[in-house]
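Visitor: The lines below spell out each chain.
4 protein chains.
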Amino acid sequence: MDKIVAFLGLGHMGAPMAFNLIKAGFTVRGFDPVETLLQAAVEQGVEKCASAKEAVKGADFVISMLPSDAVVESLYIDKDHLLEVIEKQTLIIDCSTVSARSSKRLINAAQIKGLHAIEAPVSGGVKGAAAATLSFMCGGEHEDVERAKTVLQHMGTNVFFAGPAGAGQTAKICNNMLLAIHMIGTAEALQLGVDNGLDPKVLSEIMSKSSGANWSLQTYNPYPGVMESTPASNHYRGGFKVALMCKDLGLAQQAADHSRSYTPLGSLARNLFGLHSLKGNEELDFSSIQTIFNKEPYK
Amino acid sequence: MDKIVAFLGLGHMGAPMAFNLIKAGFTVRGFDPVETLLQAAVEQGVEKCASAKEAVKGADFVISMLPSDAVVESLYIDKDHLLEVIEKQTLIIDCSTVSARSSKRLINAAQIKGLHAIEAPVSGGVKGAAAATLSFMCGGEHEDVERAKTVLQHMGTNVFFAGPAGAGQTAKICNNMLLAIHMIGTAEALQLGVDNGLDPKVLSEIMSKSSGANWSLQTYNPYPGVMESTPASNHYRGGFKVALMCKDLGLAQQAADHSRSYTPLGSLARNLFGLHSLKGNEELDFSSIQTIFNKEPYK
Amino acid sequence: MDKIVAFLGLGHMGAPMAFNLIKAGFTVRGFDPVETLLQAAVEQGVEKCASAKEAVKGADFVISMLPSDAVVESLYIDKDHLLEVIEKQTLIIDCSTVSARSSKRLINAAQIKGLHAIEAPVSGGVKGAAAATLSFMCGGEHEDVERAKTVLQHMGTNVFFAGPAGAGQTAKICNNMLLAIHMIGTAEALQLGVDNGLDPKVLSEIMSKSSGANWSLQTYNPYPGVMESTPASNHYRGGFKVALMCKDLGLAQQAADHSRSYTPLGSLARNLFGLHSLKGNEELDFSSIQTIFNKEPYK
Amino acid sequence: MDKIVAFLGLGHMGAPMAFNLIKAGFTVRGFDPVETLLQAAVEQGVEKCASAKEAVKGADFVISMLPSDAVVESLYIDKDHLLEVIEKQTLIIDCSTVSARSSKRLINAAQIKGLHAIEAPVSGGVKGAAAATLSFMCGGEHEDVERAKTVLQHMGTNVFFAGPAGAGQTAKICNNMLLAIHMIGTAEALQLGVDNGLDPKVLSEIMSKSSGANWSLQTYNPYPGVMESTPASNHYRGGFKVALMCKDLGLAQQAADHSRSYTPLGSLARNLFGLHSLKGNEELDFSSIQTIFNKEPYK
Numbered sequence: 014m015d016k017i018v019a020f021l022g023l024g025h026m027g028a029p030m031a032f033n034l035i036k037a038g039f040t041v042r043g044f045d046p047v048e049t050l051l052q053a054a055v056e057q058g059v060e061k062c063a064s065a066k067e068a069v070k071g072a073d074f075v076i077s078m079l080p081s082d083a084v085v086e087s088l089y090i091d092k093d094h095l096l097e098v099i100e101k102q103t104l105i106i107d108c109s110t111v112s113a114r115s116s117k118r119l120i121n122a123a124q125i126k127g128l129h130a131i132e133a134p135v136s137g138g139v140k141g142a143a144a145a146t147l148s149f150m151c152g153g154e155h156e157d158v159e160r161a162k163t164v165l166q167h168m169g170t171n172v173f174f175a176g177p178a179g180a181g182q183t184a185k186i187c188n189n190m191l192l193a194i195h196m197i198g199t200a201e202a203l204q205l206g207v208d209n210g211l212d213p214k215v216l217s218e219i220m221s222k223s224s225g226a227n228w229s230l231q232t233y234n235p236y237p238g239v240m241e242s243t244p245a246s247n248h249y250r251g252g253f254k255v256a257l258m259c260k261d262l263g264l265a266q267q268a269a270d271h272s273r274s275y276t277p278l279g280s281l282a283r284n285l286f287g288l289h290s291l292k293g294n295e296e297l298d299f300s301s302i303q304t305i306f307n308k309e310p311y312k
Numbered sequence: 014m015d016k017i018v019a020f021l022g023l024g025h026m027g028a029p030m031a032f033n034l035i036k037a038g039f040t041v042r043g044f045d046p047v048e049t050l051l052q053a054a055v056e057q058g059v060e061k062c063a064s065a066k067e068a069v070k071g072a073d074f075v076i077s078m079l080p081s082d083a084v085v086e087s088l089y090i091d092k093d094h095l096l097e098v099i100e101k102q103t104l105i106i107d108c109s110t111v112s113a114r115s116s117k118r119l120i121n122a123a124q125i126k127g128l129h130a131i132e133a134p135v136s137g138g139v140k141g142a143a144a145a146t147l148s149f150m151c152g153g154e155h156e157d158v159e160r161a162k163t164v165l166q167h168m169g170t171n172v173f174f175a176g177p178a179g180a181g182q183t184a185k186i187c188n189n190m191l192l193a194i195h196m197i198g199t200a201e202a203l204q205l206g207v208d209n210g211l212d213p214k215v216l217s218e219i220m221s222k223s224s225g226a227n228w229s230l231q232t233y234n235p236y237p238g239v240m241e242s243t244p245a246s247n248h249y250r251g252g253f254k255v256a257l258m259c260k261d262l263g264l265a266q267q268a269a270d271h272s273r274s275y276t277p278l279g280s281l282a283r284n285l286f287g288l289h290s291l292k293g294n295e296e297l298d299f300s301s302i303q304t305i306f307n308k309e310p311y312k
Numbered sequence: 014m015d016k017i018v019a020f021l022g023l024g025h026m027g028a029p030m031a032f033n034l035i036k037a038g039f040t041v042r043g044f045d046p047v048e049t050l051l052q053a054a055v056e057q058g059v060e061k062c063a064s065a066k067e068a069v070k071g072a073d074f075v076i077s078m079l080p081s082d083a084v085v086e087s088l089y090i091d092k093d094h095l096l097e098v099i100e101k102q103t104l105i106i107d108c109s110t111v112s113a114r115s116s117k118r119l120i121n122a123a124q125i126k127g128l129h130a131i132e133a134p135v136s137g138g139v140k141g142a143a144a145a146t147l148s149f150m151c152g153g154e155h156e157d158v159e160r161a162k163t164v165l166q167h168m169g170t171n172v173f174f175a176g177p178a179g180a181g182q183t184a185k186i187c188n189n190m191l192l193a194i195h196m197i198g199t200a201e202a203l204q205l206g207v208d209n210g211l212d213p214k215v216l217s218e219i220m221s222k223s224s225g226a227n228w229s230l231q232t233y234n235p236y237p238g239v240m241e242s243t244p245a246s247n248h249y250r251g252g253f254k255v256a257l258m259c260k261d262l263g264l265a266q267q268a269a270d271h272s273r274s275y276t277p278l279g280s281l282a283r284n285l286f287g288l289h290s291l292k293g294n295e296e297l298d299f300s301s302i303q304t305i306f307n308k309e310p311y312k
Numbered sequence: 014m015d016k017i018v019a020f021l022g023l024g025h026m027g028a029p030m031a032f033n034l035i036k037a038g039f040t041v042r043g044f045d046p047v048e049t050l051l052q053a054a055v056e057q058g059v060e061k062c063a064s065a066k067e068a069v070k071g072a073d074f075v076i077s078m079l080p081s082d083a084v085v086e087s088l089y090i091d092k093d094h095l096l097e098v099i100e101k102q103t104l105i106i107d108c109s110t111v112s113a114r115s116s117k118r119l120i121n122a123a124q125i126k127g128l129h130a131i132e133a134p135v136s137g138g139v140k141g142a143a144a145a146t147l148s149f150m151c152g153g154e155h156e157d158v159e160r161a162k163t164v165l166q167h168m169g170t171n172v173f174f175a176g177p178a179g180a181g182q183t184a185k186i187c188n189n190m191l192l193a194i195h196m197i198g199t200a201e202a203l204q205l206g207v208d209n210g211l212d213p214k215v216l217s218e219i220m221s222k223s224s225g226a227n228w229s230l231q232t233y234n235p236y237p238g239v240m241e242s243t244p245a246s247n248h249y250r251g252g253f254k255v256a257l258m259c260k261d262l263g264l265a266q267q268a269a270d271h272s273r274s275y276t277p278l279g280s281l282a283r284n285l286f287g288l289h290s291l292k293g294n295e296e297l298d299f300s301s302i303q304t305i306f307n308k309e310p311y312k
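Chain order of the listed sequences is L, X, G and W.
Under this note's numbering, think of the first position of the first sequence as 14, with each following residue one higher.
Under this note's numbering, think of the first position of the second sequence as 14, with each following residue one higher.
Under this note's numbering, think of the first position of the third sequence as 14, with each following residue one higher.
Under this note's numbering, think of the first position of the fourth sequence as 14, with each following residue one higher.
Be aware that one or more of the hints could be misleading.
Given that identical chains are not distinguished, each listed pair holds provided it fits within a single copy or across any two copies.
Stated by the list, open to error - Each computed SDA-like pair below joins lysine to any residue, with the alpha-carbon atoms no more than 25 Å apart:
1) LYS92 with ARG118
2) LYS222 with HIS167
3) LYS260 with THR304
4) LYS162 with GLU218
Note that these hints are calculated values from the structure, not bench results.
These numbers were taken from a predicted model, which means no experiment stands behind them.
Can you build the whole structure from these sequences, using the hints too?
Guide: The following block contains the structure:
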């Protein structure tokens, strides 16, 4: 039975994902170039490895959770050459959110070496990682995605098969672009209602039961005080950072550029989140976009 | 028991609403200045009246379903002076989608004459009117809205109390502005996915279970073939017309203008629907906005 | 010879315009409901009148410079009934920026009483008013506009005949919408250049001699330090206020709404200026929109 | 004296540029992989070369006019290795519009080999190329740009020095983004005026003398019939193609992405031109964007 996992990248997302695998009975061998992150993970039961190369030896699964195209490609292909040392029986599962182009390059390079790799970018954020309620949007060979469920099921509740290499990344950025749009739209609608005398709770309830219904409104309401447990009711702390939404909207625009698709609302959403981030809000939750519509000094 | 309803305006929405009241056992006395509409309603059981004035005599409820501020104000106040002849025991329920300013004027004018009036604009479209599944977004005195439920419950499934006069109209246009935004956003996301090789059904399913979830995606999918019963799968026929969405987005912009609120996505949505309508698409369902993103000759 | 002018509205724009007429040898009889404004004008040679009605008696020209539709209509028609007392030989010149609808109402109401009236909204700002370099965008009867030149030539350098009643207002808001668009566009282009290492002066010079050339770039450069005498080089003080640009963009959107025209960039410009004004920048010069693109805490 | 020019890329732009050098007395040795283009140029006096490598031998200047990053980098560096054969006394002048990143790579690679290279993207289009009225926006070493004037002055009227490697490309895309914005803004303003009863010629004249003034309005008016010699008055034929404007707006967005700059109007302009191109208008002049605002069936 597949029991040994190499986990590469033990940051805010990777660490809690790794811990859930440990809870499920897997042996997790970890590496992160940031010593403090690695040490923190070790204290939670991750087996310490001195390098990525050491971690992947003998693993049934290699799971990576990394910040960018450059880091992923450098690790597997261009610099650390992990694909040279990963063994045939191992399944590579890259959970990083990167461009479809980059994912395709990794998966193709793995195939050329006779290895199996899939992409599995996640949605659900830090909370979802901790609670093992992530969604994985997978791209690659169908049987590889099936096999990956062995581990993915312990870190999340949904494992979607989007299509061949790149499809998972595309699904993720389409989803997040749409999320950005209805988050801003929800913020605009709530402020318009409030400015015309409505109670934001009442308006939220009405729209939630009507055709305005959407995830931002119903589960992540951006207006302070409407829902108790949202970042909006906690000074926009926690949650999904503006900086990360900007990253995903940048990937969406790159995809649109590549396919000659046009996304006027998606582009405007990107610019509004970008302008918001310029003013020192990068670390806030993305629902803080609500504040740009307030009649008050900024922040 | 309140049993007599005067129904003013028997068009695409008003007629099926009136029929549902007849089915529920009400006596419906109707008027419409368009003779063919009036005649068609009479054939379904509406009692024919020669004028609005004749219809409202002795009615427990006056329900109006009219196209614009000007028509509503002309009928009740400025030209036909209905408020002069409506009796004290009657409750006026204006279901028209008009500006909050216009609704306030009607309700205030009624109060000055000792009459009771509420606004109750609807969402749900022609289908909802026929199936008695409309939502009513009510503004006015709370007890008047409670009393209105006597009739509203037979025409719809939700009766929301949004607040005082004007609040119902504001809730409606906030909702529809948000609807317009996530409809376009959904169309953009689906086209971006398709242009990058994804199956629109698969992508729709993934986003429906993720943070991109919204009413347009899940119940009114704009991509042809994803859902069987949507206008998108029927050449964008039926449903909620582009022309009506343009009207509601115009009302939203007027409200924003009045309250000095700013709605960048709402304004862009208005312009995109407007440009779409200019090219001969006014009568199509509003989900036809999907077609502006296609790599094909227009229409 | 026409020598007596009644000047109604002696604020930031009206006062310097009146003074230029005095310099040119006209007798100017003035009124403003704000006593301090009236007194200040009197000290510069305006003859003090106790009311608008008193001012217009025996005048060859009545010139008004007022802030809104409501004030203009109240003064001439609805409340002060000036049209009842203005004499047949008098030419009414309304220099206020109002809606085309409001201008048409005034001019038509004047005609019904056998009076002559034109609209003549201005561009050029407080500086242009002081320097007598305003542009007047006139609407009404052609011969009335010709006669108006007797006075307009002493307050400005350009007197344009745009067409019948309303055309002057339309020309003005088309112009100012276009101005808003190329001001923001210029700010975006300059910031993009600077962020990629270019000197804003060099870039401004190159674009000024190329197809990017426009009035904002060449005579009113929004980047601090590029031009010596602009508001941008004086902490965005003076010039044309954000609040006034917001007003004109609101009128443009009303006109578009009325004619079912669509202006995606104009609408977005309106929203960006509006969001900028919400954060406490209403009194700054409109070129301060440059600051929303800076990588610095707001203001 | 520098007299021998190698000209690489003899398409719509390159060919007339080369002819102007021949007229000025230069010996032009040409190459283009498309045989028909090469042959056409030869008939106008270009000396035929069998390859780029052959062309550059002994040249005082190598001028290239190529369509994309990939083609430029392939020719000089990655595939044809031109930098290996170009001689020390030769000055490379790349007139292609490419990304600043690509220009920097070329210029740096040349420097490493002890060669001199500058970027000199042009504005002015096919007409400017034929009439020798192009503008060159140069980046690189200042003395190299000075030396380049020996040839550039015979192909254009302005040679701008924007700054170090990449600065010329940045200046070009800033300029063209601003051009796109005021072209659409001008189209919106003109349509808004016309829809409200104004004559487009009268409105154009008024705005040209007012603060709305810009290059699109004054020299390239997009409304049919306003100016005689514009593409707008010739069914939008000729001029600067929609496809090329889309290319430049794509480069602008890439630059913005790279520098974390935000350009809401620039992004919206990109999307509007893109949507316009999707509907079969790629080959029309870019001022045809006017037609999306017309109340008529598309095209």
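Visitor: Please list, smallest to largest, the hint numbers that this structure does not respect.
Guide: Nothing - there is no hint that the structure violates, so all of them hold.
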